[in-house]
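Here the protein sequences line up with chains A and B, keeping their order. Sequence positions in the first sequence follow numbering that gives the first Met the number 0 and run 0 to 127. Sequence positions in the second sequence follow numbering that gives the first Met the number 0 and run 0 to 715.
These are computed hints drawn from the structure, not numbers from a lab. All C-beta atoms in this analysis are idealised placements derived from N, C-alpha and C, irrespective of residue type, glycine included. A hint or two may mislead.
[Stated by the list, open to error] A partial selection of chain A residues facing chain B, derived with a Cβ cut-off under 10 Å: (1) Arg-88; (2) Pro-98; (3) Ser-108.
Listed below, chain by chain, are the residues.
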Amino acid sequence: MNSSKTSSHRDTPSQTLVDPYAVLGIDRRAGNEEVRRAYFELAKQHSPETDPERFQAIRAAYDALRTDEGRARAGLFLLQPPAPLPTRRRPSYDLDVHPSDLVRFALESELATLSLRDDFREPSLTDE
Amino acid sequence: MLAKTADARQTADRIVAEAFFRAGCQAAEPAERLEYLDLALQAWPDEVRFRFHRAIALWQTDRLDEAATELAIVAAAEPERPKAAFLLALARLALTDTPAAGTADLSPTEAATLDLIGQLLQGEAPDPDGAIKSPAGGSGVWPALALMITDSSAAPVADLGRAIRTVGGRGPRKIVEYYHGVAAMRAGDRSTADQAWHRAWQAGFRTGWVARNWQSLIRETAADLAEAGQWRKVAALHERTPHPVTDPGLAELLAIASDHIGYAAAKKGSWHQAADHWMRARDLAPTRQRIQNLALAAEQEDDWITAAESWREMVRRRPRKPDHPDYLTDSQVAGIWTHAASCYDNVQESGEAVTCLKTALKYAETDVDLRLKLVEALLDNEQEEAAENELDRVLKADANNLEALILLGTLRLGQWGDVRPLWRHALTIAPHDVRVRDGLAMAHLEHLSRAKFLSRKKIESELRAALEELPDHPDVLIRAAELRRIQGRGNEARDLLLRALAAAPTDVRAIGTIMHDMLHVAPGDEGLALMEEIRRIPKMLPPFWIDQGRRALQCAMEREWVIRLFDEAIDLARRQGASGERRGGKQDTPAATLIHVFDAIHNAQGDSDLLDHYAEIIGREVPDSGAVQYIEAHRARFFDEDVDLAKRLLKEAVRKASRAGEPGVEDAASEELHMLTLSPETSDLLRRMMELFPDGPPDPRELENLPDEFFEDLFS
Chain A
0 MNSSKTSSHR DTPSQTLVDP YAVLGIDRRA GNEEVRRAYF ELAKQHSPET DPERFQAIRA
60 AYDALRTDEG RARAGLFLLQ PPAPLPTRRR PSYDLDVHPS DLVRFALESE LATLSLRDDF
120 REPSLTDE
Chain B
0 MLAKTADARQ TADRIVAEAF FRAGCQAAEP AERLEYLDLA LQAWPDEVRF RFHRAIALWQ
60 TDRLDEAATE LAIVAAAEPE RPKAAFLLAL ARLALTDTPA AGTADLSPTE AATLDLIGQL
120 LQGEAPDPDG AIKSPAGGSG VWPALALMIT DSSAAPVADL GRAIRTVGGR GPRKIVEYYH
180 GVAAMRAGDR STADQAWHRA WQAGFRTGWV ARNWQSLIRE TAADLAEAGQ WRKVAALHER
240 TPHPVTDPGL AELLAIASDH IGYAAAKKGS WHQAADHWMR ARDLAPTRQR IQNLALAAEQ
300 EDDWITAAES WREMVRRRPR KPDHPDYLTD SQVAGIWTHA ASCYDNVQES GEAVTCLKTA
360 LKYAETDVDL RLKLVEALLD NEQEEAAENE LDRVLKADAN NLEALILLGT LRLGQWGDVR
420 PLWRHALTIA PHDVRVRDGL AMAHLEHLSR AKFLSRKKIE SELRAALEEL PDHPDVLIRA
480 AELRRIQGRG NEARDLLLRA LAAAPTDVRA IGTIMHDMLH VAPGDEGLAL MEEIRRIPKM
540 LPPFWIDQGR RALQCAMERE WVIRLFDEAI DLARRQGASG ERRGGKQDTP AATLIHVFDA
600 IHNAQGDSDL LDHYAEIIGR EVPDSGAVQY IEAHRARFFD EDVDLAKRLL KEAVRKASRA
660 GEPGVEDAAS EELHMLTLSP ETSDLLRRMM ELFPDGPPDP RELENLPDEF FEDLFS
């Protein structure tokens with residue numbers, strides 16, 4: 000495992016898995032209006048005075064999603080759900096007998112009766 | 000003699016050739032066999048049997064043309080060789096589709112086989128009376144295949160199933176297995192087809208149509224399981240699938256299965272498992288989403304290199320057409336490259352971080368913050384000139400960018416030329432920013448450090464300018480005081496030092512310099528008054544006063560002051576010990592403080608009377624702390640030059656200190672013991688470095704500013 004020093008001037012990658020959509024309780028297809036509505040609703044329930052930590056999370060989520068560009072950027076660092084199943088296509092099969100397989104079968108049949116050891120020779124030390 | 004030598008060489012070659020031939024015969028793969036046979040022929044080019052077997056290996060590696068050529072040579076050279084003529088005829092038939100001429104050397108079975116194959120190749124129904132007596136045995140194979148050729152719906156499943164059991168040899172059997180599967184598929188029996196094709200593949204029958212058919216069949220099975228949501232069973236099909244997976248539909252289904260399993264693992268926090276599955280999915284059917292997930296999983300595992308590479312792969316694979324649903328805007332692309340740079344930054348791969356940030360800037364040229372990130376990365380990668388160029392670029396676009404001014408000012412400190420205008424500009428923007436004030440102060444001090452090149456008048460005006468701009472910066476005030484002292488204007492120097500203390504009442508570094516300089520300027524009551532004031536600063540520690548004593552000793556100040564300063568350290572340790580105060584988990588006990596005083600005197604080459612003075616206090620006040628043994632070890636090492644005795648005493652010091660609960664003494668004794676295990680040269684070098692830099696490792700810039708003579712002396 001590599002060390003996890005994080006420069007204070009750069010992104011902190013380990014924080015990117017917080018899903019702002021989940022924090023605001025909205026779908027990932029939500030637009031500006033829906034984001035705004037969700038934020039104000041939640042901010043009423045979890046104000047900075049009564050629940051400062053939760054409010055901070057809600058505010059951060061809202062800041063990330065309040066613009067089209069922000070949502071586009073946020074989407075890059077969220078876990079993507081599995082792709083949907085593609086439309087099922089009926090497979091086609093090649094059920095012909097291939098000519099080369101006939102030849103190959105004949106070859107392999109011949110080779111099956113061939114003993115390689117029959118062709119081993121003991122080299123002689125004198126020229127015969 | 001020569002003839003005998005030639006004979007011996009020839010015999011040796013033949014032995015080598017035979018060895019290669021036999022090794023080739025044991026090779027399982029035809030390609031490997033071919034290599035051995037080539038070597039055999041190199042050693043014994045005229046040996047026909049090698050050519051015969053080479054022809055077979057060529058054929059089995061789909062090099063039929065070359066095989067036919069070799070067989071022709073063999074048939075001409077050894078017409079009596081069994082099967083040579085048949086194989087040659089078969090090869091020619093395969094190449095030309097026409098029956099071979101000159102089959103007189105063939106047996107009736109061989110001739111009949113060729114006739115049958117010739118007919119089948121022409122698409123003709125075979126002669127029913129000429130039931131082929133193929134040496135392959137299992138005479139059911141040829142009729143079954145013939146039937147399948149002449150009738151595209153014929154499905155002789157049972158015949159071929161029986162034939163498998165009777166066909167001799169793995170080679171022909173795998174082909175029969177395959178066509179058994181074809182027949183089963185014609186009959187709609189997917190299960191039999193699946194097993195048959197699996198066996199054919201395992202046996203090594205791997206033509207394109209075998210792979211395609213079997214993958215299509217697995218895809219159907221995978222689709223059934225996927226529709227039922229049985230992802231693990233779908234994923235398990237990957238083990239049976241021919242590799243590489245060339246069926247895109249199958250690859251996608253297997254990848255989706257891995258997506259699901261990985262996603263479920265990620266939701267449970269099992270990132271390692273999730274990454275494994277997503278990696279499999281990525282390898283099967285790479286998409287931006289899969290690579291993104293892989294990158295995120297790698298980050299969770301702190302595998303920053305994999306994460307960075309995945310982010311880069313993701314952005315490389317992005318669609319370029321703006322109307323594509325996965326199209327990424329320039330801003331998003333820049334964001335990903337910046338993120339990848341952060342990943343590299345986590346493992347100090349500053350070169351790669353620079354590359355990523357430069358690429359990000361191509362998509363966000365006007366992003367000043369991004370350019371400043373690049374500057375940081377360039378500095379991390381020791382590319383200072385490039386960093387300066389980028390900062391110049393930032394300031395061209397935005398002359399009041401404070402961060403850029405600070406970075407550039409810092410970079411240019413120490414360079415030739417006057418960097419103060421830059422800092423002055425920053426000060427107009429942020430007059431209370433500590434970084435700016437410190438930077439301008441340093442710039443002034445650097446300028447004044449070149450004072451020997453300036454006239455007295457110039458020095459005065461520079462000093463005045465510095466004090467006007469930064470009237471309450473402690474470093475400027477201290478330096479001004481030093482100059483006044485050198486000029487013999489002690490009262491002014493004293494006032495400046497008191498102003499410096501007022502400006503930085505808790506800056507221990509500055510206070511240390513102020514205290515020391517005050518002793519040079521006004522060692523009498525003023526010095527005492529200052530000590531009293533410093534005593535009131537909370538959380539001052541004994542090492543502060545030890546350092547003061549050391550500096551006083553090095554400057555050959557009055558002995559009275561040296562002792563006063565060291566005693567202040569010891570008194571503070573006594574008071575703190577009584578109140579139970581601690582620093583960083585360790586206690587600066589009187590015992591520890593005393594041995595540090597002892598060390599400071601020794602390192603500053605203080606006289607032996609002073610050493611004896613504190614040795615006597617140690618013996619009297621802390622006899623069981625290990626400190627006594629520590630200083631005795633010191634004497635053994637430096638006066639008696641008895642290293643072994645010194646080591647023994649230090650070990651005893653460690654033991655006693657541990658028993659007495661004196662971690663400061665224990666650590667010091669352990670360190671000294673370690674030094675004694677080093678070579679004398681290394682030990683001496685370390686000790687001299689520690690004397691020069693008592694506060695710890697020096698700033699590299701400090702080292703750069705030291706003259707060459709220093710290093711010559713150090714290493715002499």
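Hint check:
Contact between Arg-88/A and chain B, as hinted, is supported at the beta carbon level, the nearest pair being about 6 Å apart and thus within 10 Å. Interface restraint check for Pro-98/A: the shortest CB-CB distance to chain B comes to about 5 Å, inside 10 Å, so the restraint holds. A hinted interface residue such as Ser-108/A counts as satisfied when its beta carbon comes closer than 10 Å to some beta carbon of chain B; here the least separation is about 3 Å, so the hint holds.
Checked against the numbered hints given earlier, the structure satisfies every one of them.
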